[in-house]
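Asker: All chains, please: the whole structure from these sequences, using the hints.
Residue numbers (our numbering), protein chains in the order written: chain A, 206 to 356; chain B, 102 to 453; chain C, 1151 to 1324.
It is worth saying that the hints were derived from the structure and are not from the lab. All values derive from a computational prediction rather than experimental measurement. Check before you lean on any hint, since a few could be wrong.
As the list claims (entries may be wrong) - Here are the computed distance ranges between Cβ atoms for each label pair:
#: 1; chain 1: C; residue 1: E1226; chain 2: B; residue 2: A160; range: 25 to 31 Å
#: 2; chain 1: C; residue 1: P1173; chain 2: A; residue 2: V262; range: 44 to 50 Å
#: 3; chain 1: A; residue 1: A335; chain 2: B; residue 2: D386; range: 39 to 45 Å
#: 4; chain 1: B; residue 1: G200; chain 2: C; residue 2: E1226; range: 58 to 64 Å
#: 5; chain 1: A; residue 1: A335; chain 2: B; residue 2: V287; range: 42 to 48 Å
#: 6; chain 1: B; residue 1: D273; chain 2: A; residue 2: A335; range: 15 to 21 Å
#: 7; chain 1: B; residue 1: D365; chain 2: C; residue 2: R1171; range: 25 to 31 Å
#: 8; chain 1: B; residue 1: R322; chain 2: A; residue 2: S264; range: 41 to 47 Å
#: 9; chain 1: A; residue 1: G274; chain 2: B; residue 2: D286; range: 45 to 51 Å
As the list claims (entries may be wrong) - Covered stretches of chain C, as calculated for chain B (at least 3 residues, CB under 8 Å):
#: 10; region: 1164 to 1177
#: 11; region: 1211 to 1224
#: 12; region: 1294 to 1306
Said to hold, decoys possible - Computed, partial: chain B to chain C, Cβ under 7 Å:
#: 13; residue: R122
#: 14; residue: N123
#: 15; residue: G159
Beta carbons: idealized from backbone N, C-alpha and C, even for Gly.
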Amino acid sequence: MPDAEVLSAPLVLEYPFSRTVGPVQSAFLTGLREGLVLGVRAVDGRVLCPPVEYDPVTSAELTELVELGETGTVTTWSWEPEPRPNQPLDRPFAWALVRIDGADTALLHAVDAGSPDVMATGMQVRIRWAGERVGSITDIACFEPAEAAPT
Amino acid sequence: MRDVAVVAFAQSHHVRREQRRNEVEMLMPVLHRVKTDVGLDQSQIDFTCSGSTDYLAGAAFSFVMTLDGVGAWPPISESHVEMDGAWALYEAWVKIQTGAADTALVYSYGKASPGSLRDVLSRQLDPYYVAPLWPDSVALGALQARACIEAGVTSVGEMAEIAARSRRSAADNPFAQLQGSDDPDVLLKEPEVAPPLRRHDCPPIGDGAAAMILAAGDRAREVVDRPAWIRGIDHRIEAHGLGVRLLTSSPSTRLAGERAGVGDTPIDVAELHAPFSHQEVLLRDALGLGAGVAVNPSGGPLAANPIMAAGLIRIGEAATRIRRGEARRAVAHATSGPCLQQNLVCVLEGDA
Amino acid sequence: MSDPLVLPQALRDLEPVRSIRTPARLEYTFRAGEATSRFLRGIASKRILGERCPVCGKVMLPPRGSCPTDGVPTREQVELADRGIVTTFCVVNVKFSGSAMELPYVCASVLPDGADMGLFGLVQEIPFDQIHMGMRVEAVWVDADELQPNLASIKWWRPTGEPDAPYESFREHV
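Answerer: Printed below as a string of structure tokens:
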């Protein structure tokens, strides 16, 4: 077929997945819905946020929930100059690992910093809650610099 | 433990977009090449294992069609991993260790061009806490790069040197997608695409395929003069939570390397599957590779990174140098998951 | 057995989250490859093209560029008739979402003359309970101005009225 082009067609793959959650995840997501952040205590005493069902080192079932705050520290970050569909913000934003105050591990989310010049490892950020919360990680709309006026 | 060797390896010419051929058409020449090189036909292959991901094609079980290129009649003993072909190789190696096979065909391919790879790869992330945010693979690479730079593990200058060296090395690799003798200073003038990463710090997106034949002991010696013996192979995985892991080192690579025996005797050549430039530094450190080791003489993943095949290609490139007598002992590495989450290390050696 | 989970007071009397919705949508541009494109372009000009394997000699349909038995490229194009034999069929009594077909209807595997593999298609213009293996059928194409490079260009297959093909002539394709 030397001259004819290979045929092509658009293909859309779309799945309406719904996933059941375990008891720790349920507590965390219910907490987010209610504007409360929870972590879980690991076997070695570290507090994990986001919390998981099983200890990442020993695989023991974890059950001790810990109430945490709405602020945290950026442990590393990158800049998203051209946001893609479904990402938390539609204007350029920072991705960051945020260690919520009281936790020993970090949570991945977006920071609405406005400019990469505002971002720095070690900076304080706080949660901007979504207007309508349903029990999802997106109940945290994003984080914002703690120094900025609350939105 | 049985002695198992790589006796044949072939790969396609990796391109940004394979416009004309579908996956089977891409794979067939590579599959035929390895069988022809050792004079084995499919009836003499005891086990076939492939590595790929259907998410690239957007069709469930699409990998099954690649058996059309294998010639699977009479029915063959076959398996598949939804992973890089390096893990298909691991399964084939285990199969041979059990004595259930003496020869194996391993192949892998990735045709990323139909979809948006950055979005596709986001589906491998934690479905509860991370995937709903759709972070793309480059953003995650950038997170790790910044952590490494701020921890003093590497610098943008060192990353640019790695990228430039990779492209220079790839000039001798007819299969590589990106080649050229770029100057690190020129590369550093380019804008950041996902700060702190520049385009050259990121792997090229492309389509490609690779295949390999393994054989045990005397069978390997029958089919080729210089087998590349697998002296050790191991793979380890870290916690899936990005915020739980230490992103400035690669403990799973270190452990896999120890178990594979990397430190036992000096290494000449290392083929490291570091899709992002900063990751080469992490892997070198984890494997304890000194300055005398030639890293990625093929150009590595910064010159060609067909998803799902790039790890198998590292093993194939290392094996090729041993079989040509250019190296005595090599380490090959493959990775899977975001920010070097899972790592496979393989030590290869030629006959004395 | 670990201690049971104790919820903070603030969450104790509330309906807990039991599941999350995680829809995923990915967009692709599917490329058919050379063999399939050749076949579909043939369909658009009312031709059914198979490919012959140089090793076993069988004619693959729909062709995909390789012989699954021998694993070799199949480049020789073979023009096939648009009539053939019903080798097997199924009477469908269950509606599935998105289908506008009136029940019951028949889906069959049709072996065109000259081919070694069949095409799936509807069989119509005959009461469903008279359809049987070995029936000779011919393709009913869409009008010329509606021909497209896809199998919807064949609307269905209908009986030709020829005598049935003997079972021995198609038993290897059942």
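Asker: Let me make sure I understand: some of the numbered hints might not hold for this structure. Which ones are they, in numerical order?
Answerer: 2, 4, 6, 7, 12
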